[in-house]
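Colleague: Sequence:
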Amino acid sequence: MGVFGISSFRKVAIPAAIGAVMLAVPAAAQGRLEAEYDAYLGALVIGKGAWVVDIGDDQFSATVGAGTAGVLKSLGSGNGTGASNGRVASGKLIPANYLSTINYGPKNETIRITLSGGDVKDSSIEPLPPVTPDRIIVTDAHRHNVLDPMTGSLLRVGGTGDPLSPEACNNRTVSIFDGRMRYNLRLEFKRMEQVKAAKGYQGPAVACGVYFTPIAGYVPDRYAIKYIAAQKNMEIWFAPIAGTRVLAPFKIVIPTPIGTGVIEASKFVSAQKTAKTN
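The opening position of the sequence shown corresponds to residue 1 in the numbering used here, with each subsequent residue numbered one higher.
It should be emphasised that the hints constitute simulated quantities derived from the structure, not laboratory data.
Honestly, I wouldn't trust all of these hints.
What the hints assert, rightly or not - Straight-line alpha carbon distances no greater than 27 angstroms define the calculated DSS-like cross-link-like pairs of lysine-lysine that follow:
# : residue 1 : residue 2
1 : Lys267    : Lys251
2 : Lys190    : Lys251
3 : Lys267    : Lys190
4 : Lys232    : Lys196
5 : Lys107    : Lys226
6 : Lys251    : Lys273
Produce the entire structure from the sequences given, and follow the hints as far as they go.
Modeller: Right under this line is the structure:
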């Protein structure tokens, strides 16, 4: 979904906004989500994307593809993909690999991350970004106990009650490493909403406020970083993936200097999967 943004917000605002909190997922919880999203800036459609999440009894995967649309496409075509996969073990999603590609005009970028047990074992960016002396260095300590952005886009709710409740996002903070930046996201319950996709889910969604704190891998004086860190009105609305206690983003609200950006599902179809018996 990172390609939905504009200029530097494509790399900062949207990856930050969609990074939510994912904790443990019961091993027996299995489901699949197929979703499509439209991105708006005010009344203008600027991007479209599709997301598939597949949670099995011992493996999981998430893939996304997106591109510019409407007036933004007339100014310059852009597209991108993202993917994460890993194991389901001891009731938890354990990411192993993350891949992101962004193509915008003549600019192409590929990010790869390999993880094990929440720690980054290897990461690369191609082509290598230019050296910026003022950039805060990402140390080995910053690469421990983190999630990749795709796995971090899923919100797991513990317990046995209704997962669509204030407890879904209250007092949650997650550490994310996206291959370039290390940042924290804090969630806070805002309200309950009713949503309706053109195809698929209609019903309640939990709206969480999102607060972005950069940790490393960024230039402190960059306007985009300062702007996003100062925002108090970013939100993610979460809806359920059938057959699991995992919630996925249905709608994302991101203030920008030129208007409010919104990413909203036009399709949100999920189904419970049959567990393996051997």
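Colleague: Hint by hint, note whether the structure agrees.
Modeller: Evaluated hints:
1. Between lysine 267 and lysine 251 the alpha-carbon distance is near 11 angstroms, which keeps this suggested pair within the 27 angstroms criterion.
2. Taking the CA atoms of lysine 190 and lysine 251, the gap is about 14 angstroms. The hint holds against a cut of 27 angstroms.
3. At roughly 24 angstroms between alpha-carbon atoms, lysine 267 and lysine 190 fall within 27 angstroms of each other, so this suggested pair holds.
4. Between lysine 232 and lysine 196 the alpha-carbon distance is near 26 angstroms, which keeps this suggested pair within the 27 angstroms criterion.
5. For the proposed pair lysine 107 and lysine 226, the alpha carbon gap of about 24 angstroms is at most 27 angstroms, so the pair holds.
6. For the hint pairing lysine 251 with lysine 273, the CA-to-CA distance comes to about 24 angstroms; that is within 27 angstroms, so the pair holds.
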